[in-house]
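Novice: Using the sequences and the hints given, assemble the complete structure.
Residues per chain, in single letters:
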Amino acid sequence: MDDIDAMFSDMLQEMDLLTQSLGEEAESAPLPKPPTIPGPQEMNFSVGFTDFNASLHDLEDNDLDALMADLVADISATEEKFATEKDTLKGSAPVAPIPSQPPSNLSFPGSSSTLRQATSSNSIAATPPPPTSKPSKEELEEQIKADKIKLALEKLKEAKVKKLVVKVEIMDGSSKTLMVDERQTVRDVIDNLFEKTHCDCNVDWSVCETNPDLQTERGFEDHENLVEPLSTWTRDTENKVLFHEKKDKYEVFRNPQNFYMWKKDKKSLKDMKEKDKEQLLEENFCGASVIVPDLEGILYLKEDGKKSWKQRYFLLRASGLYYSPKGKTKASRDLVCLVQFDNVNVYYCKEYRIKYKAPTDHCFILKHSQIQKESQYIRYLCCDDEWTMTLWVTGIRIAKYGKQLYDNYKAAVRKAAGSATWASRSIQASSSASTPSPTPKARAANGHAPQPAVETKGSSNQTSFPPPPASMETLPPPPPDPMLPPPPPAPPSTNKVNQFPPPPQFPQSSFPPPPMDDLPPPPPPPPEDSELPPDFLPPPPPIFSSCGGEALPPPPPDPIASLPPPPALQNFASAGGAPPPPPPPPPPPAPAPAASKPAGSVRKVAPPPPKRTTPQLAAPSVG
Amino acid sequence: MAAWDLSVSVEELGPDAPPLKISVTSDLHIGGVILKVVEKSQIKQDWSDHALWWEQKQQWLLKPSWTLDKCGIHADARLCLTPQHKPLRLLLPSGVTLRLRACFSSPVFRCVTGLCKLLNIRRPEELSLLWPVEEKKKKKDKDVEEELYDITRAPLPSSIIPKLANGMPAFFAETPETEAVYKMLAVSQPAPAPETIAKLYRSTNITEKAHINSRWLDSSRSLLQQGVKENDKLLLRFKYYTFHDISPQADAVRLTQLYEQARWAILLEEIECTEEEMMVFAALQYHIGKVSLTEQFVASCPAMDDLDSALQCLEVKMEGESSADDMLVSSMIYTQPKRLTLKGYKQYWFTFKDTTISYFKSKEESCKEPIQQMNLKGCEVAPDVSVAGQKFCIRLLIPGPEGMNEVYLRCEHEQQYSRWMAACRLASKGKTLADSSFSSEVQSIQSFLAMQKTTPSTNAAQTDESINTHSLVSPRYQKKYKPKQLTPRILEAYQNVAQLSLTDAIQKFLQIWQALPDFGLSYIVVRFKGCRKDEVLGIANNRLIRIDLSVGDVVKTWRYNTMRQWNVNWDIKQVAIEFDGNVNIAFSCVTADCKIVHEYIGGYIFMSTRSREQSNTLNEELFHKLTGGHEAL
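In the order they appear, the protein sequences are chains A and B.
Here the first sequence stands for residues 254 to 876, numbered as in this note's numbering.
Here the second sequence stands for residues 554 to 1186, numbered as in this note's numbering.
Be careful, since some hints might not be right.
[Said to hold, decoys possible] Covered by chain B, per the in silico footprint, the following chain A stretches (three or more residues, Cβ under 8 Å):
(1) 390 to 401
(2) 451 to 465
(3) 571 to 584
(4) 590 to 601
To be clear, the hints were calculated from the coordinates, so they are not data collected in a lab.
We treat Cβ as the ideally placed atom computed from N, Cα and C, and that holds for glycine.
Specialist: Below, the structure is given as structure tokens:
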């Protein structure tokens, strides 16, 4: 660990130097300013730790690797930027300076450092493809120049990406530490946590924040970014990030009738047909505008700045939370708006009977996410019972997030179904394997960069998965030969190829074969490998190109790096929109997972056309 | 077979001309009768649109091959040879009246389909015709000449989809006048004068709303059968509040008219909303009105627009010369109201960069550490402005760990205010000054300030900016607030919509309208079987609700998907409905004919079948089966 720390500070220094020299150089350059790499110390780098060092120590090996890889990427980005700028000044050479390594390198399993592989693959992807029609020389140069500028901008952007080391508490009292970057959604983080923990990956798992000062808890929505809200925490905060199951997270989609027909007797709703539930969801979530449950009833409102709670008749509307003042009717025109939802979030509260003398303990508050302490700008509300509270909080979430919530749910269901398939598969697998596979932990990759693994050259490295028993080779659906183009069903497996039992809990995919395809290759590389790269390294979406850096051979992370990254990556690709920064061999483009799996088979909620019980057509009778 | 005399009047001969007598036998078919009449009339013209109307029976004779015997026509019958298509004054949701030819012989459903085809409105099944409210004759009887756009020369709608020319049906593209008419249909109307709203406004209790629904025409019978005469005035309205498959490209007229109907429903409080919602609607109306003007302009003269935007650009540049492009600096007065005494106001030097305001003791010290920095992301921005009093304050509520920090910035003049205000607005949404919307934000703030000026200012406000804010809200709020008070509130709502394009703004308006709790409810006063007092039945696209007339509370809800069947007893005018679980209800209709209720329920069920079939063909037969009642049998 000490080594790591030392290395880390070295890196930082080096980066500073580079940045400085670049700054001088760039003054005359017509390009945007050189990247200012945010020194980790400058920002609130870690959450849930006393100091930064502690957070580093707490990171798992592979997380540290990721961090290192990031920094390396930053440095090389800076360097490359530097190179590019120089180049541009000189009048642009016809070839991009960076990609020195031929593509065939990529699949070269003997390469000493896969980090280099990763980065080089990146830059290759980023280089402009050779134009098919031969444009004039000027055009060509223009094109190259434009591409370089684009690339430089990407790097610049990448360098600015904010990252946090977050300690997440899990229900059993243990905790996990992971690095989250600001582009990652909560969904991505949950997926990482699924890999790090051994939970069942159902849709109820949520990342929550708690605030001991206010005694609140809120589950982040899957589409939110995690870094942004955490960045507003104060330095000395005791707030925590939790990872646990919250039944009410998506309850409204499982039993919409309880929310949309809440006035009806609950018993009569209990055995509502799935078909009718789907229709309810369709009506309320799939129209031109989302319909908010028509909640109304008496709640207690804590009066501004006072200790007393006053009963008021509240109504929920899409535009906000209203109450009807004393002596007025419930007519819309007389309603008073307590709060609109654009800028506030809704939080569950604990033990407000003691803290604020609330009538019951079923309280929720509405506040700006930045507010961390008691304040007159917080709206405190209290309900008679827990179910009422769930109704209102869920209703407010629907009003605030609308259809997004439903999309989140559908995505979560797809993933859960995927991981369930995986789980069952892995049971099969591990039954034949002698030891339970620790791979999930190893592959953690924490949303990040699948480590530049020193690809397993045999079992001599510190690989964290067990040497596969011989029986593995005959595992039903065998991962395809990694060296073959991915999509088609696995070819008859050759010897020693399927060394890798599928990880037990892998979030979404029910499709084992494709993600496996860049697994550690068998020692003797098949002869045809020089033709492979285009196949199993599809050009990454542009955003991926942003983080590679080369030129600087990274400090070899050999002792720790050990995991085969691909599945995690796959994961990202499917998460869409928030790819991890330092990509190793880029994943297939985003839609791949969805496409490779018949969505219909797992989707619970595919809305069928509404089927009415059409009244008898000839009904009208002449009486 | 014996011949007998049949008297047939022909409109073309004049109203006073005696009916023609033609000699017929009972086995003569209708086509033959028409031929004889035409011959006898000795008028040469195109008779192809004419048909025979049987006055006593109030019935068209549209089957040329049927014999007189089969039709049951005897010597005492008085027939009339008359065109099937007659001129009609049609009042559209936007308030525009068109004079056009409508089919008086086919069922209203098909007649509306034809009208919609002419006007290029897709999904005609969602619309229908209704009688206008009888206007009480005032003693003054000013006889206001209403504006009327005559498009009776349009060819009769055929079954072929009208050809588009220049983005509109070919007919409209023929002359500049008709083109102007089409534009008027496809572009929302300018805001009405507050007096117009007040005049149309009537008390809107639920019974009143129920009466509106008594005026719908019967979809399964023809106009002439329902007593509509040539040149009568009818309203064309969206009747079923389930708008299928709206696509902004293909639905210019449909979207505009739908927006107009929604807008008027809100202005006249036919649907209720809260004050906050009213302000958002007002802001959207203002925005839509403004954008419609410019987008029209774009369509007519793109080159001018380029010039215009270039000039604008230049203007912005010159304005911005005092400060760097991505930074604002000025001296302003600042206070935190907690220490609010007048002395609390103090002058500082302010800079605005990215989303952060910093302030310094003086300009000279601005290179040093600022006294304080405030990141405006997520903050609330409110204006506190009085143009007359030359007070230009920005009130900021900046969220922080301890709560909200309230900060006032006082600007010196309008220019400074509008730029800083715009910057604060963008920053609250996480955007920086470099954002492309900055200049338009500045402009919209200035145009709103212009609205506040009571006296016409020297820099002649443009026509689109001289809107009275009272035109954007219902009379209730006209009474409650002066325009001066209303403007800042609308402005507050406006900041969230100012960047929307025209179609986005219209769709946003429709979305908020559709999210109102009472949206899509059509009311009928009914009396439930076994009850002594009147109650209200609300009919929506997925449910029926029973409402207590005196309190206005929803008593019960039944959803269509639990409905087994419904029956109408036409003799005692009672509707009986059976739901799952042996729930039976029955009621008679008080304010409307039970055919209207029947048609509403059947109509909504018809609408719900549409999503399944993706084809554009309209299943007219099914519609009539579901809504026709005994006449369909």
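Novice: Against this structure, judge whether each hint is valid.
Specialist: Cross-check of the supplied hints:
| no. | hint | verdict |
| --- | --- | --- |
| 1 | 390 to 401 | violated (count 0) |
| 2 | 451 to 465 | violated (count 0) |
| 3 | 571 to 584 | holds (count 7) |
| 4 | 590 to 601 | holds (count 4) |
Of the numbered hints listed earlier, those contradicted by the structure are 1, 2.
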